[in-house]
Amino acid sequence: MKPKLIIGIVAIVGFTSLLMYNFGESISTYTTFEGASEMSSAHIPGTWDEEKGAEFSLETKRFVFYMKDESGVSKKVVYSKPKPNNFEQADQLVVIGEMRGDTFYANEMLMKCPSKYNDADPSQFSEAAQG
Amino acid sequence: MLGTIGKILISASFVTSLAAMIFYFISANRDENRTLKVGNWLFATKAAFLVVASGILVYLIFQHQFQYYYVFNYTSLDLAPRYLWSAFYGGQEGSFMLWILISAFFGFGLMKWTREPYKAPVLFFLTLTQVFLLSMLLGWDIFGLKLGASPFRTIAEEMPNAPFLQTNPDFVPQDGSGLNDLLKSPWMMIHPPILFVGFAMMTIPYCFAMAALWKQKYNEWIGPALPWTLSANVALLTAIFLGGYWAYVTLSFGGYWAWDPVENASLVPWLIGTAGIHTMIIQRKSSVAQKSSILFAILAYVAIVYETFLTRSGILGSSSVHSFVDLGLYNQLLAFMVVVTGVGLGLFFWRYKELPSPDKEAKFLSREFMTVTGAMLLLILGLVIILGTSSPIIGKLFVENPTPPEISFYNDWSMPIAMIMAIFTVLGQYLFWKKYDAESLASALISPLLVTSAVTILSIILGDVRNIYYMVYLFCGYFAVVGNAWVLVRLTMQNPKLIGGSLTHIGFGLLLVGILASSAYNSYLVDQKTANYNTAVERGEVTDEQGFKVTQKEEMLLLNLNEPVIVDSRYVVTYEGYELDNSIRRGQQTYKIKFEPVDGGKTFYMNPEVYPMLTTSTAENIQWSVDPDVRTGLLSDIYLYVGGSSYVQEQNDRASENRRMMQNASLQDTSGTDTPEVQKIKLNPGQTIDVGKFKIRFVSYARTDTSELPPNTTIGVKAQVELMHPASNRVITLEPLFAVYSQDGQSYIYSPPARVPDFDLEFQFTQINPQENNIELTVTGLEEEYEPEWVLIVADEKPFISVVWAGTFILMAGFSISIFRHWGRERKKNNE
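One line per chain: the protein sequences are L and Y, in this order.
Read the first sequence against the working numbering and you will find it ends at 131, with the numbers running on by one and no gaps.
Read the second sequence against the working numbering and you will find it ends at 832, with the numbers running on by one and no gaps.
Hints in this document: simulated from the structure, not taken from any laboratory.
Check the hints yourself; a few may be wrong.
Ranges of calculated distance between the beta carbons of each label pair, as one might list FRET restraints [to be verified]:
(1) L/74 <-> Y/411: 34 to 40 Å
(2) L/57 <-> Y/463: 32 to 38 Å
(3) Y/635 <-> L/18: 36 to 42 Å
(4) L/92 <-> Y/63: 35 to 41 Å
(5) L/57 <-> Y/342: 53 to 59 Å
(6) Y/537 <-> L/71: 30 to 36 Å
(7) Y/695 <-> L/41: 48 to 54 Å
(8) Y/662 <-> L/38: 41 to 47 Å
The C-beta atom is built at its ideal place from N, Cα and C for all residues, glycine as well.
With the rest of the complex left out, here is chain Y (with noise of 0.2 Å):
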């Protein structure tokens, strides 16, 4: 029942939309007033359609209402409310949503603060793309042609061919089958919705575009549009920074940033959107730019709706470990694009011989040609990541089943451009706020040059640098720290409100030093052995079995209860248990991994986390799952998680038992005899270990008789072990004897087993290592196979990720201060 009023709602809200195009449209073209106020007022109703449709799937949701389809595939009984909430905008119809409802409440804000003649057109341009996205949601089948995918659509009509309905139409599910575990983190509560506010905000500097081609008035849109856009950029620079940081932290992708297709959708309308403040400015200061600043704003929007089209209708399937599945919206989608990309561009060159060109060329040593310069780059870096992001379908140029790009296509583009941005920033802020010629330009440089160059030189020695292409990369970076630094000082001290430019430019040269620090110098922590390897894997002096070169360094690191191993030559790592907790996700288990610094420092605990992923797991077939833990530095974090343990594996073993014993049930497997009668045991002194029914414990070593040794003996000793068998309380100590003999020339070894009649045991002292501190024993006879707990983590150290956060936070800083700064003069201008 409430699912016909949701569909009917968003049905409505589609058709008020529609005809509050249309009077918009109407208003625009006679500059009319009255029509403006019917379509505002459709767009209200139109609003407040979808916020109670809105308000019904959240109820639905709330209400565990299995019967609906998107209800069932997103939420469980056990969801936390917080994750309830997040299940509205966690599958791709409620996001649709989210998005669409996010940019009618900036609708709002544009019926009140924009200005005539730009009012009807900008929000008739917003309602277009409105009713683009409202029609994903419609679910209408109008003769078999399927318009969009409702929330709103039950289970029964999902799969209308499936058995189990066939038998019982009426059939609910008792339980929902639950929000994917990695999204169940607060960072996934915020990034969507953020991203949505962005995706919103970044339609407006479109609309305005378009209402100024429409208007024929070139000049006044930069006004009220800069604020939008620099907001806009704020939201998206907001969601990408927590979309890295949830990856970071909660995915083991060891990162922040892997050129997903999914992150790229967020970063290259960013980017465009970025050109286009820089050419807004610069039009605004002087009248040039007007034709870069129209083409970037409708670039940037072109951007969101493309990428939108890529992860959504499922071309990037195979390529991206995140996108969407096609719900069939692809002609949907096909044809938002098409239209945005053909209104936008093609009233951008019907209108371009009208559009004001500059009187004369810009000079190079120009605010308008740095601004411009440094804009086309973002274009560019932006086109480079389209092209590679798109190479399932700009690839079939090349090949007929084209795979992503390489990282190393997307990393060899960005790095150069990124390198001549930096410059540009630094000789753009001096000519932005003063006039120079190349002299004093020239020596105006010269003292942050010297900076530069020293602070270069500190970093190549410190960290070892040994890449000339990162020593130029370095100092292009920290030329923009440094020669933006001496703008900000000066623009401090004369207004500091004017310093919005030079704080973000500041940010820029911080990303780009802390994108190389962390993951170009991004180390391994791994054992000596492990590390004389690698080195020998470098040289290309290991072969395998089969005499192939290896060229794959090892990157675990193997760690034994209690047995302390010395890594990167820096800490002492023991692997100290772990422990199984059920209150916030069934069988977590935590580890507790010490590092204990060799030079004194302070000892402390790392605790990645392993669990199994309710939602798909079974008893027969367990998904884990694992949460790294980072340990924030100032100078490097360390990076961990668990490649695997005894726990899991023993969990794994036992599920595939299940696995086999659900596929014969009927064959009576009697699996459990084949358990091996000889096994071998390490131990340390002192330590006690559980095998079956027994302990086992190495006391010491013992004191040894001459007498018991064979002649000419070179190494002759006796550990003194005691085995408990709790059961019946008794202790036996045993003292096998261990001696490495020489005859003729040759060494042998004498290990005569000590027998334990009783228990029908033997145990032999078979090893002895020193480097270790432990010893081995061979047992025979033991029912039960001794299992040693291990752990394998992954852990490395990336150094400087502060800075890349820093580098994050000064942007947004940066793009905020602006944002008060020119949303401050619209505002007096509004007033006046």
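Pulled out of the complex, with its shape left as it was, chain L reads as follows (with noise of 0.2 Å):
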């Protein structure tokens, strides 16, 4: 019984440590495009920069737009896919990638929307009240 009970602990322990080892590199902190210049996957939360535009390419086949950081530098990001469907609806951005120089590589990009399930928009309502 001893042995076998030490066996068990010892594979708990060398599986759960192995696990939250693999969990704690998998996962990274959400940044800006200053701390992602160490960093070769930065999770970087931001609102696009109206003023500069978006465009997507078609010879380049990429959507090139500025994004605002929370500390409020703005940079050039490059998506490789075409335009998110609700890009200029988004509240907030998510880009995922790298920062090369002075452009960001985004791999992926998600969008925080003001969707059903959030609160309405009460401008919603003015506009409805005038109709």
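Two independent chains are provided; combine them into the complex using the hints.
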């Protein structure tokens, strides 16, 4: 019984530490453009810098726009997929990718949208009232 | 008025629930039948109140009573009646209501079929969970302490400080904000109710396990609890399947599984519930595993409550695409979770010493050992997924502001666990029906192993599998299919009623094979140029303007109107235009993409759709949504959606123009004069295009006279181009020249402009593209810009997705057969 118990405990401890180690490695922290320069896969929340526009180029098949991170820094972001459908509507963007020089290359992009699950925007009501 | 009645009814059902709970508690404590009856009456009254309240909510929805926030927020006047139904459970409050309704319905089943001494305690725990769920709907405000969010609250109650309400307190919106377009899908109508059937049923094993602990009868609860658990399992599995299928065919996620927290929320309880089924079956057979059966039954429900907490408390806000926003229920949900877990595990550990232990250790080659190990693996897989999903909480141990884990975290852990499970299913099934020692088992497994190896090798060759890990994985998956099929055949000959287990395990094996094939061997359909580019990217040979290595492959396909493109050397794909349709969804475009197989197979069309999300779009800002099209085949599916098109671009340009006009209404913006004077147009022979008020047709190549060509000409071609002006009914034929000549060892292009003085236009023949069979004309003086019609599609081929569905259906069938077997035996016992 005893050796079995010891093996069991060792196995559980080993498994758990490996799992937690791997888990710790697979998550990262939300950061800013500045913090992203040392990371290979950075998650940066921010908002679309509307003044600088956004464009999908048919030639390079890339979607390029500028994003302001939480510290207010605006950088160019290159996303190699079509423009997401609700891009303009998004309250917040999270780009996932890496910084190269002064440009952020996003492999993935999440959009936080004012969806049906969220509280309705009061401005909708005033519109409905006028109409 | 009706809303007030609704609120009172919900409060009344909360209070009667509370009373029923107390009566059940007394009855369970004293083994009294009289108090049990009172409890049942209270329970029924509670259910009646709730049914009427739900009826009122449905009525309000169908009557478009937009002064109620819930009705306003989830419906609109133009919503089809079937989606008005689904709006009932489309929001958080309504979905809680549906959950309790279904749970109450099962309560009556428990009243009828549960034997003593479990009846009262089982109903006590069922009512306990309902009390918590009902408290989420109360909408009480006790001295500033808010309890629950009522589905009957009005807009004025929701936003007391809104300015438009202060000017007009009786304000009622004329139309609601509508249901999210993505939820307007038949799959979404049936997915949530089935999910809540699963959630409500998974409460029942928890109730039985708690009753067993309470009454200290640790064996007999398995009989009635097993069919309930199996049914909960089938319901959850069906819900998971429907959710996955919905994501696949109507969202452009690109697949059926994305490890999203909301998806995990139904998978984890299913895994732990399935672990419970395993230990219950073994406990019924040989009176071991009582401890783990009870623990799994508790944990399966705890998982449901925990995942409910994660997805509804707003804690996952930034990591899930479709989690709910906090309705102020955070603390209530937390209390619910703490009580369910605390009472469950507390009672378990309190009775722990008393719980029966097996007399001797199970041997390695025994059905007990195999089954319990399988259950443990299921639990571990569930825990790994919970860990990943909990990253916003547990991740805080590592970093300050944790992100969700990378998808690879889930894949890296679930694959090996699933592989070990696959092996154990076969060993377990063999040992379950017959006793073997190591030697006899090995000889019994020779034939299945040979078949498995043959199939694996065949797949490796045919599928060009190069990854050794995948080879081993495939072997494990096939072994589960083949080994269990062997058992299945033997059982079918003995007694077909017993095949439930082996059938589920075959389904599991198929699922493993299908998941690998459809996700790892997913290939994008691109043209040759892009394919070459991607190969270069893979080799690391591509750098961008800034000199950085490009790592992202191109997965999109640009199609110009009526210009065929060869894709993957297998299909000639042509974009044949789109149709605008307002009948289903206003402004919906259905694109026509023709696929002609190169090997002479049957031509087919794919019709992906793009539509504006009416609930969130305005004239200044259009939000587009896409519906992919899936062509289902036996061997592979083609999955395709539109990433953009000239039509969408045009509409967006118009919208941003509108936006500018709105912003600078005072400034007279004279945009439109800055159109380019020079533009390039590509034309195939015979093709006509419209540019503004002209039609330009490239008839064909014209005869060239050598006298027109410069000396030393290497190429000299003339085009015959017709310029049509429909307004004046004039047709002008032009013959611009294109020549390449050499002089002093250098090549020059000679393309003199052909003038049209009447319209002040100039045509130059500036390029010839023999490969694409077209020419380029440079036109100067055209006022309107020529816009080629194009569509950008993302298309990929997913091999053997049919195997994933087949595996899922076989799992469902296997579990269903088991339900009948165990339920049949229960009924017999009840009748005795």
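Status of each hint after checking the structure:
no., hint, result
1, L/74 <-> Y/411: 34 to 40 Å, "35 Å, holds"
2, L/57 <-> Y/463: 32 to 38 Å, "36 Å, holds"
3, Y/635 <-> L/18: 36 to 42 Å, "38 Å, holds"
4, L/92 <-> Y/63: 35 to 41 Å, "36 Å, holds"
5, L/57 <-> Y/342: 53 to 59 Å, "57 Å, holds"
6, Y/537 <-> L/71: 30 to 36 Å, "33 Å, holds"
7, Y/695 <-> L/41: 48 to 54 Å, "52 Å, holds"
8, Y/662 <-> L/38: 41 to 47 Å, "43 Å, holds"
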